[in-house]
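Undergrad: Below are the chains, spelled out letter by letter.
There are 2 protein chains.
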Amino acid sequence: MTSLPPSTHAATPQATPGSPPPDSVTFADLEAARQRIAEKAVVTPLLPAPELSERLGYRVLLKCENLQRTGSFKFRGAYNFLAGMTPEQRARGVVAYSSGNHAQGVAAAAAIFSAPATIVMPADAPAIKIAKTRGYGAEVLLYDRYREEREAIGEKLVAERGLTLVRPYDDPRIVAGQGTCGLEMAAQAEATRQPLDRVLVCCGGGGLTAGIALALEARSPQTRLYTCEPTGFDDTARSLSAGRRLSNAPGGRSICDALLAAQPGELTFAINAARVSGGLTVTDSEAEAAMSYAFRRLKLVLEPGGAVCLAALLANKLEIGAGETVAITLSGGNVDPARLASALENNPDP
Amino acid sequence: MTSLPPSTHAATPQATPGSPPPDSVTFADLEAARQRIAEKAVVTPLLPAPELSERLGYRVLLKCENLQRTGSFKFRGAYNFLAGMTPEQRARGVVAYSSGNHAQGVAAAAAIFSAPATIVMPADAPAIKIAKTRGYGAEVLLYDRYREEREAIGEKLVAERGLTLVRPYDDPRIVAGQGTCGLEMAAQAEATRQPLDRVLVCCGGGGLTAGIALALEARSPQTRLYTCEPTGFDDTARSLSAGRRLSNAPGGRSICDALLAAQPGELTFAINAARVSGGLTVTDSEAEAAMSYAFRRLKLVLEPGGAVCLAALLANKLEIGAGETVAITLSGGNVDPARLASALENNPDP
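Top to bottom, those sequences are chains S and D.
Our numbering puts the first residue of the first sequence at 363, with every later residue one more than the last.
Our numbering puts the first residue of the second sequence at 363, with every later residue one more than the last.
Just so you know, the hints here were simulated from the structure itself, not pulled from any lab data.
Each hint should be verified, as a subset may be incorrect.
Below, a sample of chain S positions facing chain D; criterion: calculated Cβ distance under 8 Å [as the list claims (entries may be wrong)]: (1) Ile490; (2) Gly497; (3) Lys661; (4) Leu662.
Label-pair restraints from in silico Cβ distances [what the hints assert, rightly or not]: (5) D:Arg417 - S:Thr388: 53 to 61 Å; (6) S:Ser639 - D:Lys402: 29 to 37 Å; (7) S:Pro583 - D:Glu552: 29 to 37 Å; (8) S:Thr448 - D:Ala493: 55 to 63 Å; (9) S:Gly419 - D:Asp711: 39 to 47 Å.
For each residue, glycine too, the CB sits at the ideal point set by N, CA and C.
Full structure from sequences and hints, please.
TA: Following this line, the structure appears as C-alpha cells:
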C-alpha cells in the first residue's frame with residue numbers, strides 16, 4: 363500500500379464551503395443526482411459475504427455495481443448527465459470515448475431519452491462491450507488504443523456534428539452521478555448497523571472514487587477510503603503520494619481494460635487528493651484470482667477491472683483489524699467468456 | 363403451462379388452524395427459522411431488473427438465492443435443521459443425500475456447529491459441488507445415480523453410525539428454513555411498494571416451493587405461485603393437475619441436476635397442492651439460454667436448475683399482463699465452468 367504522507371493533505375486543493383471553485387461538486391449535487399436517476403438506475407445491493415469474511419478475518423460487504431443497469435456503475439453518471447441536458451442538446455446527440463462501460467452507460471442513457479449517441483471505443487475493447495453498446499443503438503467508432511488519441515477523435519465529432527461530449531470522469535455531473543453509489547453504501551451500512559471502517563474503490567480516472575469520497579465525507583466521515591488500480595496503471599496511488607497528478611509510463615498493458623486511464627482527472631484528483639487515505643495496486647494475476655473467486659464462491663460475474671478491490675483483499679494488500687467492516691466496490695461485470703474462462707483455468711481451486 | 367383445474371383445490375389436504383396434522387409446518391415455524399438463521403444466512407437481494415423488465419413488458423424482480431451462503435437457498439433449511447438439534451445429536455453427526463446444493467448446505471451448517479457430516483452424492487454431480495462439499499469438511503460418498511438408491515444408502519448410515527438424516531425437502535424444519543426466502547421476498551416487495559402479482563419457484567422435491575407458499579399465504583395472499591421444472595421431471599406440474607403425487611418416467615436426463623426428484627415430497631405436496639396456481643416446464647436448451655442471459659446481462663452465475671424460472675419468462679411460458687410484477691427465484695449458482703461455457707457457446711448473442 364502507498365500511504366499518504368501528512369504533508370500532501372495540506373498541499374491539496376480543497377473546496378471552501380460557501381464559495382466552491384468552478385466545476386466543483388457539492389453534496390447537494392449528489393442528492394440531486396440520486397433523485398434524477400432513481401427511476402431508471404438500480405439501487406445495487408451492499409451484499410454481506412459471510413464466507414469471504416470468515417476467510418479474511420474481518421467483515422466484508424460487496425457493493426455490487428456489476429448488477430447495475432448495463433453491468434457497471436457508469437450508468438449512474440451517464441444518466442445523470444443526459445437528464446441534465448436540454449431537449450435541444452439531446453436531440454443533436456452525444457459523443458463519448460470509453461473502453462466500454464462508460465460507452466454502455468452513455469448509449470443506454472441516450473436510448474432512454476431517444477438521443478443519438480456516437481461512441482469512440484478502442485478496437486481491442488472486449489467484444490461484449492462493443493456488442494452491447496451497439497445493442498443500445500449507438501454508433502460505434504473504433505480506434506487504435508496505442509496509436510490514436512481518443513480525446514482528439516471525440517472533440518472532432520463535437521466540432522463537426524454539434525454533439526455534446528460526455529466525458530468519462532472529469533465532469534461534475536458524472537462525478538455527482540457516480541457519487542450516488544456512495545450515498546447508497548452509507549445508507550445501506552447504516553440501515554444494517556454496520557458502520558464502514560474502510561471502503562475500497564476500483565479506480566481508473568477517479569470519477570467513482572471522487573463521487574464516493576464526497577458521499578462518505580458527508581454521510582460516513584469516519585470511513586477511510588482507498589483506491590485500487592492495476593500494476594502499471596497506478597497513477598492515482600503515485601499521485602496521491604506525490605500530492606500532484608502523475609502519469610503512467612506509456613506502453614503499459616493490463617487485462618483491466620476499464621482502468622487504463624493515463625493519469626488522474628483534474629477535477630477528480632482535486633476531490634480525491636484530500637479525501638483518499640491511500641492507493642493499492644494489484645497484478646493481473648491477482649485480478650484473475652479474484653474473478654475466479656467471484657465466479658466460484660460469490661456467484662457474481664466480474665470483469666478484471668471490477669475485481670481489483672476483491673483482489674486487493676484476497677492478496678492482503680491492506681492490514682485490516684479483526685473487528686473492522688470493509689466495503690468494496692465490484693464495479694463492473696462486462697467480461698468476455700474467453701477472458702473469464704482463462705481466469706478460471708489459471709485458478710482451478712473452487 | 364399446466365393450469366390447475368378448480369376441483370383439485372377442494373381435494374387437497376389443508377392444515378386446519380388450531381390443530382395442525384403431524385409434521386405440518388406453520389407460519390410460526392417460518393418466523394422462528396428466520397430468527398434462527400439470521401446470524402449466519404444472507405438476506406439475499408430481491409433485485410430489480412430494469413432491462414429484463416423492459417424486454418419482457420412487465421416488472422421482474424430477481425430473488426438471488428445464488429448469492430446465498432454456499433451458492434444456493436439450501437443453506438437456509440440445513441442451518442435451521444442443525445440449529446434445532448440437540449448438542450448430543452450434533453456431536454454424533456448428520457448424513458444427507460443430495461445432488462450437491464443440499465450437500466453444501468448441510469456440510470456448511472455442520473461445519474459451523476463442528477458436527478461431523480457425511481454426504482451421499484451422485485458420482486456425476488457437478489465437480490464444483492463435490493469439491494465445495496468436501497471443502498466444508500464433509501465426508502463425501504459417491505453413488506451411481508442410475509443404479510443405486512440414495513435413500514437406502516442414507517438410511518444404512520443412520521442405522522450403522524447413529525447419524526441423524528437431514529432430508530433434502532420432506533421435513534418440516536427444512537421447509538420452514540426454505541420459507542425464510544419467501545418471508546424476505548414479501549417484506550422486500552412491500553418495502554419498495556411493489557406488490558407481487560406472481561412468484562415463480564425452481565422446483566425439485568418442492569421444499570422451497572412449500573416454504574415460499576406458506577410465507578406468501580400469510581404475507582402476500584394475493585400472489586399467485588408457480589413451479590418451474592425441467593422437461594422430463596415435471597412431476598410437480600402433473601401432480602398439481604392430477605391432484606395426487608405422480609412420478610417421473612425413469613431414465614430421464616436433464617442438465618438441471620438440482621431438480622431431478624422422482625416425485626413431489628409427501629409433506630411438500632400436501633402444502634403445495636392447495637397453494638400453487640400451476641406448473642411450468644422448460645427444456646434444457648431454454649435453461650441454457652437463461653444461464654447465458656444471466657451471465658451476459660445480469661452478471662449473475664446460475665446453474666441450470668437455478669435458471670429455470672428465468673427460462674420460463676424468457677420463453678414466454680406464462681401469459682403476464684403489462685402492469686404486473688413478477689418475482690422469480692434464482693435458486694443456485696453452483697455450475698461447472700465447462701457447463702456454463704457450453705451454454706454461452708450455444709447462445710452467442712449478448
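Undergrad: Does each hint hold? Answer for all of them.
TA: Hints, one by one, checked against the model:
1. Ile490: holds, 5 Å
2. Gly497: With a minimum Cβ separation of about 7 Å from chain D (threshold 8 Å), the hint on Gly497 of chain S holds.
3. Lys661: Given a least distance of 3 Å, the restraint on Lys661 of chain S holds.
4. Leu662: holds, 7 Å
5. D:Arg417 - S:Thr388: 53 to 61 Å: violated, 37 Å
6. S:Ser639 - D:Lys402: 29 to 37 Å: holds, 32 Å
7. S:Pro583 - D:Glu552: 29 to 37 Å: Given about 33 Å between the Cβ atoms, the range holds.
8. S:Thr448 - D:Ala493: 55 to 63 Å: holds, 57 Å
9. S:Gly419 - D:Asp711: 39 to 47 Å: At 43 Å between Cβs, range holds.
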